[in-house]
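Engineer: Put the complex together from the two separate chains, hints included.
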Amino acid sequence: MHEIFFYFLVALTALSSLSVVLGRNPVNGAMSMILALVGTAGLFAMLGSYMLAALQILVYAGAVMVLFVFIIMLIDIPATAAYRHHWGTLVAAILSTLTLGGGLTFLFLAPEFRQSMPEIAGAASNGSGLVFSSQAVAYGAGLMGKYMLLVQVVGILLLVAMIGVIVVSKDLRATNSGKSLPTPPAN
Amino acid sequence: MMLSHYLIVSGILFSIGFLGVLLRKNTLVVLMSLELMLNAVNLLFVAFSRYNLSLDGSIFVFFSITVAAAEVAVGLAIVVALFRLKQTVFVDAFNEMKN
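Protein chains in written order, with my numbering: chain A, 22 to 208; chain B, 8 to 106.
Chain B extracted, bound-state conformation (with noise of 0.2 Å):
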């Protein structure tokens, strides 16, 4: 396989992540593809890394991995704390600082 092919993988991926980051409302599927698009990152830090020979990018992913692990613990504590306080996860109901 050529590295254009993951590359061009990895972009899609992003692009799917970044279509539900723009299109839903679910407070915890806008979260989940956020890590759609970390994932698709990763991939393309591994298909460099593979492509030059280099341990240094797939050393990274593991920093990125925990990165994202710590984001989703605090991202869902966020979001059942928003829950608490409005009954609700849709991001329409979340405009306190609107005002």
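One chain only, chain A, in its complex shape (with noise of 0.2 Å):
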């Protein structure tokens, strides 16, 4: 049952990349996107991280593809015109595509990665280590505790984000050749 649900998972998650990759329709880019993000949130609740699988659907699923698909449909892309590659590039694309995935896939066979999961039960901390743990008080704690550092370095991230956002929106053009400016009345 396990292992039917895993390769479900993978085959949804794999054919919905494809999808992305290869679907002439940004839009229906951005819907096989999302199934693809949902099927890795599957995967991460398989994994045991059911708090990492809500973030996912909620953050990636939810906010970050709602804002693409506002952007596609902001912008209205002409649909054609998406395929006109030189034979080199598509040849080029392909082939070290390819090698990576080969490469990849073959790296991930070694013998030490043939290995079962741990039980989670089992867990005991080593040092400095947090210990696994599928609870969200445990991510909580670590946010807090270990990570409080990194959590405010990530706000500012955001902040810094959000202003940069701000200032690249801005139409720069309009103010630059005057028409925003007003006129000095002329006595």
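What the hints contain is simulated information worked out from the structure, not anything from laboratory work. A quick note: this is a predicted structure, and the numbers were derived from the prediction, not measured. There may be inaccurate statements among the hints.
Only part of the chain B face toward chain A is listed, based on derived beta-carbon distances under 8 Å [unchecked claim]:
#1 Val16
#2 Leu26
#3 Arg31
#4 Leu43
#5 Phe101
#6 Asn102
Calculated from the model, a selection of chain A residues having no Cβ within reach of chain B, i.e. all distances over 10 Å [stated by the list, open to error]:
#7 Phe29
#8 Trp108
#9 Gly109
Note that CB positions come from ideal geometry on N, CA and C, so glycine has one too.
Structural biologist: Now the structure itself:
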């Protein structure tokens, strides 16, 4: 049962990822991307990280993909002209992808990775590392304890990103051409 | 399930995202493929974290997701700004730094 579910999730994620990469319509691509992210969330849940599965669906499949769909609808791309490649580009892209995928698969088939997952219940602390747990309270304790500084740094990063988006989104050409500047009254 | 199952899935997803980044000319699809690659790495993090029974890798995924969200926000703002400039989102049009 476990394995059937695993292979179902893998097929869902891989096929929808391929649909993102090869599909012609970006809106369909965004929908397939949501499916791929939900499939990955299912894999997270199978690994016992229920908290990360929920976060993945909330943040990635929810917020980030809504932003994508919104922008795709906003800028109205013509669906044609998606594929006009030099054949050299095509061959190079496919060759390098096959090399990367084959290399990674070969690497991950090494005998030291062919181990079954240990039981979560038998987890014990080994020095400074946090112990794996499925419960959300463990994540909270880790974030508010050991990784407090990192949480604050990420907060500053989000603030910087927000300011950056506002600056980039402002139409600077309007002010440069002098249209928005009021002309002084001639007296 | 063994550890290598999850690792191979992660490698395949990363390769698919890589293909999208190399192959596609639509900037939005390139950004989505980048997200796929980040997602594959997140899966790798969680699989190793579960295998080693250490929560640190899982907590790192929190930060990875946050940084990815910030990256998407800035990236999409840049795409919109470029669209205003060129009326297209295809990467061939963006060659300001060439000359």
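Engineer: Where does the structure disagree with the numbered hints, that is, which hint numbers, in rising order?
Structural biologist: Hints 5, 6 not satisfied by this model.
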